[in-house]
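J.: Sequence:
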Amino acid sequence: KDCTSTKTMIAALKNVFVRSTTYSKLTLWRKLFNLKCGPQDNLEDYFLTFDTVIRELVEMGTKIEDTDKVCLLLLGLSSEYYSVTTAIETQTTVSLDFAKSRL
1 KDCTSTKTMI
11 AALKNVFVRS
21 TTYSKLTLWR
31 KLFNLKCGPQ
41 DNLEDYFLTF
51 DTVIRELVEM
61 GTKIEDTDKV
71 CLLLLGLSSE
81 YYSVTTAIET
91 QTTVSLDFAK
101 SRL
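Per this note's numbering, the sequence shown starts with residue 1, numbered consecutively.
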């Protein structure tokens, strides 16, 4: 009722519907750590799920550095990607977009 702008309306809706409890964060972290991309899995689907979980964690107030995102992304890949991940790991600075483009 008291919302006078779109921004305040979105903030009010988030307060009502978004649960940022410890349990919710734990569930998302567990999902992220258990996320794997096997030899038969679609890499694009893996990226989509990864990005969704990361975005949800950030929306809950979790701060994740870009280098940590790259590490988490690479950890979920199967052994078929080891040669590519090794090449990515040798770079001094790697962004998430760079890592995805090399995969």
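Source of the hints: derived by calculation from the structure; they are not laboratory data. Some hints could be false.
Stated by the list, open to error - Cut-off 20 Å, straight-line C-alpha distance, at most; resulting in silico cross-link-like pairs (SDA-like, lysine to any residue): (1) K31 <-> C71; (2) K63 <-> L96; (3) K100 <-> L26; (4) K63 <-> E80.
J.: Would you mind marking each hint as holding or not holding in the structure?
T.: Results for each hint:
At roughly 15 Å between alpha-carbon atoms, K31 and C71 fall within 20 Å of each other, so this suggested pair holds. Among the hinted pairs, K63 with L96 is consistent with the structure: their alpha-carbon atoms are about 15 Å apart, no more than 20 Å. A threshold of 20 Å between alpha carbons decides the hint, and for K100 with L26 the separation of about 25 Å lies outside it, so the pair is violated. Between K63 and E80 the CA atoms are separated by roughly 30 Å; this puts the pair beyond 20 Å, and the hint is violated.
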